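Here the protein sequences come in this chain order: W, X and F.
Number 1107 in the working numbering belongs to position 75 of the first sequence; there are no gaps in the numbering.
Number 1287 in the working numbering belongs to position 255 of the second sequence; there are no gaps in the numbering.
Number 1395 in the working numbering belongs to position 363 of the third sequence; there are no gaps in the numbering.
What the hints contain is simulated information worked out from the structure, not anything from laboratory work.
The structure presented is a predicted model; accordingly, all values stated were derived computationally and were not measured.
Hints should not be assumed to be uniformly reliable.
Because identical chains cannot be distinguished in the list, a pair is counted as satisfied if it fits within a single copy or across any two copies.
To be verified - Dumping the calculated DSBU-like pairs for lysine-lysine here, alpha-carbon to alpha-carbon at most 35 Å:
1. Lys1160 x Lys1188
2. Lys1206 x Lys1394
3. Lys1313 x Lys1360
4. Lys1313 x Lys1394
5. Lys1395 x Lys1160
6. Lys1394 x Lys1161
7. Lys1161 x Lys1360
8. Lys1100 x Lys1357
9. Lys1304 x Lys1360
10. Lys1206 x Lys1265
11. Lys1344 x Lys1158
12. Lys1098 x Lys1161
13. Lys1158 x Lys1393
14. Lys1161 x Lys1246
15. Lys1304 x Lys1246
16. Lys1206 x Lys1313
17. Lys1188 x Lys1154
18. Lys1228 x Lys1404
19. Lys1154 x Lys1265
20. Lys1360 x Lys1058
21. Lys1360 x Lys1228
22. Lys1154 x Lys1246
23. Lys1188 x Lys1100
24. Lys1357 x Lys1158
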Amino acid sequence: MVSCGAFHSFLFEYDTPRIVLIRSRKVGLINRGVQLAILAYVIGWVFVWEKGYQETDSVVSSVTTKVKGVTLTNTSTLGARIWDVADYVIPPQEENTVFVMTNVILTLNQRQGRCPELPDDKTECKVKKDCVPGYISTHSNGIQTGECVPYNSSIKTCEIFAWCPVEDDYHIPKPAFLQESENFTILVKNNIWYPKFNFSKRNILPTINSTYLKNCIYDSQTDPFCPVFRLGKIVEAAGQNFQEMAVEGGVMALQINWDCNLDRAASHCVPKYSFRRLDNKDSAHTVSPGYNFRFAKYYKDSNDTESRTLVKAYGIRFDIIVFGKAGKFDVIPTMINIGSGLALFGVATVLCDIVVLYCMKKKYYYREKKYKYVEDYELVSINEGRAKAKLLLPLALQRFRNRM
Amino acid sequence: MVSCGAFHSFLFEYDTPRIVLIRSRKVGLINRGVQLAILAYVIGWVFVWEKGYQETDSVVSSVTTKVKGVTLTNTSTLGARIWDVADYVIPPQEENTVFVMTNVILTLNQRQGRCPELPDDKTECKVKKDCVPGYISTHSNGIQTGECVPYNSSIKTCEIFAWCPVEDDYHIPKPAFLQESENFTILVKNNIWYPKFNFSKRNILPTINSTYLKNCIYDSQTDPFCPVFRLGKIVEAAGQNFQEMAVEGGVMALQINWDCNLDRAASHCVPKYSFRRLDNKDSAHTVSPGYNFRFAKYYKDSNDTESRTLVKAYGIRFDIIVFGKAGKFDVIPTMINIGSGLALFGVATVLCDIVVLYCMKKKYYYREKKYKYVEDYELVSINEGRAKAKLLLPLALQRFRNRM
Amino acid sequence: MVSCGAFHSFLFEYDTPRIVLIRSRKVGLINRGVQLAILAYVIGWVFVWEKGYQETDSVVSSVTTKVKGVTLTNTSTLGARIWDVADYVIPPQEENTVFVMTNVILTLNQRQGRCPELPDDKTECKVKKDCVPGYISTHSNGIQTGECVPYNSSIKTCEIFAWCPVEDDYHIPKPAFLQESENFTILVKNNIWYPKFNFSKRNILPTINSTYLKNCIYDSQTDPFCPVFRLGKIVEAAGQNFQEMAVEGGVMALQINWDCNLDRAASHCVPKYSFRRLDNKDSAHTVSPGYNFRFAKYYKDSNDTESRTLVKAYGIRFDIIVFGKAGKFDVIPTMINIGSGLALFGVATVLCDIVVLYCMKKKYYYREKKYKYVEDYELVSINEGRAKAKLLLPLALQRFRNRM
C-alpha cells in the first residue's frame, strides 16, 4: 500500500521550485541583460557562427594527376634534345603527388670500376698512405682502394671503386635546364567522400563541359573551378619565383579545401584551391636545400657489361593536399549545445543573487524573503546554550523577532 | 569573528530550493512524460546508439600490396609475349595504391629526330608557311621545325623535332590488351593503429592460417576476411564491368573500414571491405576519361644513340583507403553528456510550469503558491502613488483582494 | 495596457528560487564535499589535464626523404659491385615512404621463350599428358605449352612459355646481400600545418644549424631533434634485429608526433620520433612474410630482341607516419565544459536532498520545510472522499496533525 501510494504520488505529483519575485528595476535589468548576453552567445556564436548544431566529418580523398608539355634543350654534350612527359615525370605515377623535373645533372656512361673520388677535405691526398683501403663514409661515392691518384692536373684524391666516372654535382646548371617547364600544365582530378554522410563529389563540377576543360587554365579570379594548373602560376600564387625555384627544386602544396555545409544544396559544396611552399627556402637552416633525388637508366652493351646514366633530378614536387570538414544537422551536438547553454542560464541567477543579497541596501530584507532557516534539532539539543548564540545569524534573529 | 562565522555557516549549512508540490494528475503526467522522453533520449540515443560515453580516435594505417598473375598476348608487331608482375605493375611498389596495367599503346624504337606531327586542326598544313618554327602548344608532341611534310598519302602536317615516330593514341585497343588481368589477384596487408588507445591490429586476423591464405579469394558472403582479392570481383562489387573499364582504365577504391568498439574484446574489431569507383565514368564531363599515364623504357644501341619504347599505360589504380573510428569509455565525454542531459531535465520543469501557470483553470491559485512577491522598497517609497498602480500585476492584485 | 504591463514586469522583475537553509554539520559537509569533488574534477581533470578549454585540429603533413650510403658486394656471378642510392632505392622518390633494398635475388638475361617451370606438386610431370597446354594458375611464372621437359638431372616439369630462365626464389641469400645497409642514413624533412590555426612548422628546428645537421645522427637521448636516422638504429629502437629483418624485408613505421599546445610559445611545439614494426614477424599467420616486390631492368641487344634482369627486391620500407593534435584556447569547448560542469553541481543538491529527506531521523521535519503541498482542487472536488484518503502522504498527514 505504501509503495503503491509512493508510485501514485510519483506519477501524479508535480514539483516546481518556489520563487521569490523581486520587483526591482536594477536587479531586473541586470538579470535580463545577463540572460540576453548568454542567449546571444548561444544562438549567435555557437549556432549561427560555429554551426554547433552540426555533426562533422573529415574528408576521404583520391587524387590523379596528368602533366602536359614538351620542351627543347640544346647543349654541347647532349645536342638538341626534346623532353616530354615520359622523360621528366618520375616516377610516372604516384598517389597524391607528382614530380616535375626542372633541372638535371647527367653523368653519362657510368661503369663499375676505379676512379678518383671527388675532392674534399677528407678525400684529397698527397701519397698512398693518406688513403685507407675499404674506407666508406656516408658522403662517399664508393669504397676506397687505398691508392692516391690524380683527380685533375693539380689535385690528387684517393681512388675509389664505384660507378665511374663519379658524379660531379658541385655546379648546378643555372638557369635551370628545363626552365620552360614553367608553361607545363597539371590536370588534377580529385574525388572526395564523406563516409559519415555518404556524400561524394568530384572537383570537375557537373556544370563544366569538356570543351571548357580542354582549354582553361586555373585562375583564382577568372577560372576558380578549372582543374588545370600552369606550373608557373602555382609557384607565383605561393609568392615564389619559378625560375629561382627551378634551379634547386622544391616542394609545393596544392591544397584543395572542401569545407561543405551539407544542410545546403550539394552544388554549394565546391573546392577551394590554394598554394603554399613546403620546403625551407632559407638555406642556412637546412641540408640539401630544395628537392632532388638520384636515379639511373641502365644499359647493356654488346659484350654484356652494364653501364648506366646517373640522373640527379632537381625539380618541383607538387603534393596535392586535400582537407576539409563537412557539417550536417545532427541531434546530439545540438542537444549538447542547448544543454550547456541552458546550464549557462543558471549563471545569470547566481550573478543577480550576489547583487541582491550582498550589494543592495535592503539585502537583509531580500535574504529573509529568499531563505528560510531550519535548525538542526539534534545538534541544537546537544549544545543548547552555546550553539544557539553562535549559529543564529542576524537574519534568523530578525525573523524570530518579527514573529513575536 | 564575522568571517569565521561566515565560513562556519558556509561549511555546515546546506541550502536546497523550496518546492511546491502540486497534486494534479494532468500536470504530473505531463511532467513525468517529458522527463521520460528526455531520459530515453539521453540513455537510448546518446549513450546506447551513439556511444556518447566513448572517447574516439582516428585510424593510422600502413598498407602493402602484392599482385599475382601472368597473361599471354599475341599480336603481329610483338609476337607471342608473356606479361608478368614486373611488366604490368608500375611503379613496382607504392604506399597505399597499386596500378595494374590492363591496356597499352606501345610506340617502339622512338629516337630524337624529325617527323610529321599527328594531324589535327592546328597541325595540318598545305604549305610551309602554315607552320611556325619553334611553336609548341600544350598538346604538342614536339617543337615545330617550320616544314610541312606528308603524314600519310593524303594528309600533310607540320614537321616537329620530337621523339620519333610520334605516338598515335587515336585508336585504343578494344578489347583491352591484357583483358585476362580480370583473374589477377591482389594480396592486401594492412596494419592499423589507434595512437590514443595504443591499439594495433592487422587485417590478416590471428584466426586465419597460412594454408587458407594461400588459396582463399575474398567474397563478401563466404570469405569476408580473406585479404586476397580477384581484380574482376572488386570491379564487379562496385557495380562496374571489368572488360569495359579495362579499355580506358580507371581508379577503384578498396575501402577498409575499421570501426571498433574497444570496450569489447579486440577480436570483435575486424575489417570491413567495400569497393567504389572513384573516377568519372561519364565521359561528357571530363577530359582524358579513365586512367592512363606514359612512361618509357630507354635503350642504347651499339653506336651509343638512345632509343626508347614509349608506353601509354591504361589501367586500373586500386587506392586502398583505410578509415574508421575507435571508441573507448572515457570520463570526459560521459560527463559532458550527463551534464547536458541533466540540463535538459530543466526543460521538463519549464514546460510544465508554462502549463500550470498559463493554461490551467486554477492558474492564479498555483501562481500564488509558487511565487512570493517582494516590492522594491526604495522604489516604492520614491514614487509611492504612481508606482503602486503600475507595478502590481493582476495576480498580485488578486492576491491582495483574496486576503481582504 | 496589459501586454505593456507584462513587458514592464518582465523587464523589471527578478525571480530567484526560495531556499531552505538547513543548519546541519552532517548534510553541510556532505554537500560541500560533493561540490568540491565536482569542482576538482571539472577544473583538475577537464581543464588542466585534458585541456577541455581548447579547440583541437589534426595535422596536415608533407614529407621528403633522402637516403645516403654505398656498399660493396662480391659474388661469383656478379663480381665486385658497388651499390649506391640509385641502385637500392626503388622507386627513386615517393611521398611519405622510402624503400631501401637489403637483399636481392637477381635473374639475369631473361628472354621470352620456353623453359621448364619451377618444380612443385602441381608442375612436376612424368609424361607429356601430365601438362595441360594453356594452363595458368595464380602462382605460375608463365603459360604451359603442354610439353614435359627435364628441370634438372632428376626432375621433369611442365614446359612453360615465359620470361626464361624462370626465377628461382627458393633460397633467399642469408646473411642479406646488402647487409651493410645497416649503416645507411635517412634524412627526413617534414613540414606540418594546422589549417584551423594557420600554424606551420618544420622538423628541422630553427635552433639547429647546418653544420650540426651534416654530422648528427638521431639518438633519443643525445640528439632527439636530429632528423638524420641510421637504419640500424631505427630497427633497433623498435626492438628488432636489423640483420634478421634484412633477409626477408619488412615494413617499419617512423612515427613523428606533433602534439602541440599552441597557447604556449611555438618553440615548445617540437616533433617526437618513435619507431614501430608494421608487418607481421610471425610467419605462421601470413603469406609472403617480410616485404618484397619484383621489378625488371629492360635491355635490347644488337638484333633488337628484348631481355631483362628480373630483380626480386627484399628490403625495408620506412613509412613516415605523421600524426598529432594541436590545441588552442577557444570559447566554445570552454563554455560546453563549464556548462556541463555547472549542470553537474545540480548532482550535489540531488544527492544531499536524498540524504536529508530519506536518511535522516528528522526527515519528516525537513520535508515539511522544503515542500509545500497544493491539492489539485478540481480533482479533489470530484472524488472528495476517496481521493483525500489516498493521495495524502504521511508527511502531509503529519503536517495537518501538527497544525491541529
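Okay, the hints, checked on the actual structure:
With identical chains, the CA atoms of Lys1160 and Lys1188 are at most 35 Å apart within one copy only, with a shortest distance of 10 Å there and 57 Å across copies. Taking the shortest Cα distances, Lys1206 and Lys1394 never come within 35 Å of each other, neither inside one copy (86 Å) nor across copies (94 Å). When the C-alpha separation of Lys1313 and Lys1360 is checked against a cutoff of 35 Å, the pair qualifies only between copies, where the shortest distance is 28 Å, while the shortest distance within a copy is 40 Å. Within a single copy, Lys1313 and Lys1394 get their C-alpha atoms no closer than 70 Å, and across copies no closer than 79 Å, so neither meets the 35 Å cut-off.
For the identical chains of this complex, Lys1395 and Lys1160 are neighbours neither inside a copy (102 Å) nor across copies (104 Å), given an alpha-carbon limit of 35 Å. In this assembly of identical chains, the alpha carbons of Lys1394 and Lys1161 never lie at most 35 Å apart, being 103 Å within a copy and 103 Å across copies at closest. Taking identical chains as interchangeable, the C-alpha atoms of Lys1161 and Lys1360 are never at most 35 Å apart, the minima being 75 Å within one chain and 61 Å between chains. With identical chains, the CA atoms of Lys1100 and Lys1357 are at most 35 Å apart within one copy only, with a shortest distance of 32 Å there and 38 Å across copies.
In this homomeric assembly, Lys1304 and Lys1360 come within 35 Å of each other (Cα to Cα) both inside a single copy, at 19 Å, and across copies, at 25 Å. Taking the closest pair of Cα atoms, Lys1206 and Lys1265 come within 35 Å of each other only inside a single copy of the chain (21 Å); across copies the shortest separation is 39 Å, beyond that limit. In this homomeric assembly, Lys1344 and Lys1158 come within 35 Å of each other (Cα to Cα) only inside a single copy, at 30 Å, whereas the closest approach across copies is 43 Å. For the identical chains of this complex, Lys1098 and Lys1161 are inter-copy neighbours only, at 33 Å across copies versus 55 Å inside a copy, given an alpha-carbon limit of 35 Å.
Taking CA atoms no more than 35 Å apart as the test, Lys1158 paired with Lys1393 passes in neither setting, with 100 Å inside one copy and 105 Å between copies. Taking the shortest alpha-carbon separations for Lys1161 and Lys1246, only the inter-copy value of 27 Å comes in at or below 35 Å, while the best intra-copy value is 66 Å. In this homomeric assembly, Lys1304 and Lys1246 come within 35 Å of each other (Cα to Cα) only inside a single copy, at 20 Å, whereas the closest approach across copies is 39 Å. Taking the closest pair of Cα atoms, Lys1206 and Lys1313 come within 35 Å of each other only inside a single copy of the chain (17 Å); across copies the shortest separation is 44 Å, beyond that limit.
In this homomeric assembly, Lys1188 and Lys1154 come within 35 Å of each other (Cα to Cα) only inside a single copy, at 12 Å, whereas the closest approach across copies is 58 Å. When the C-alpha separation of Lys1228 and Lys1404 is checked against a cutoff of 35 Å, the pair qualifies neither within a copy, at 54 Å, nor between copies, at 51 Å. Taking identical chains as interchangeable, the C-alpha atoms of Lys1154 and Lys1265 lie at most 35 Å apart only when they sit on different chains, with a minimum of 25 Å there against 44 Å within one chain. Proximity of Lys1360 and Lys1058 under a CA criterion of 35 Å is satisfied in neither setting, with 42 Å inside one chain copy and 38 Å between copies.
In the homo-oligomer, the alpha carbons of Lys1360 and Lys1228 lie at most 35 Å apart both inside one protomer (10 Å) and across protomers (19 Å), since each shortest distance falls under that limit. Proximity of Lys1154 to Lys1246 under the C-alpha cut-off of 35 Å is restricted to the inter-copy arrangement: shortest distance 14 Å between copies versus 55 Å within a copy. Taking the shortest alpha-carbon separations for Lys1188 and Lys1100, only the inter-copy value of 25 Å comes in at or below 35 Å, while the best intra-copy value is 46 Å. Proximity of Lys1357 to Lys1158 under the C-alpha cut-off of 35 Å is found in neither arrangement, the shortest distances being 65 Å within a copy and 56 Å between copies.
Checked against the numbered hints given earlier, the structure breaks hints 2, 4, 5, 6, 7, 13, 18, 20, 24 and satisfies all the rest.
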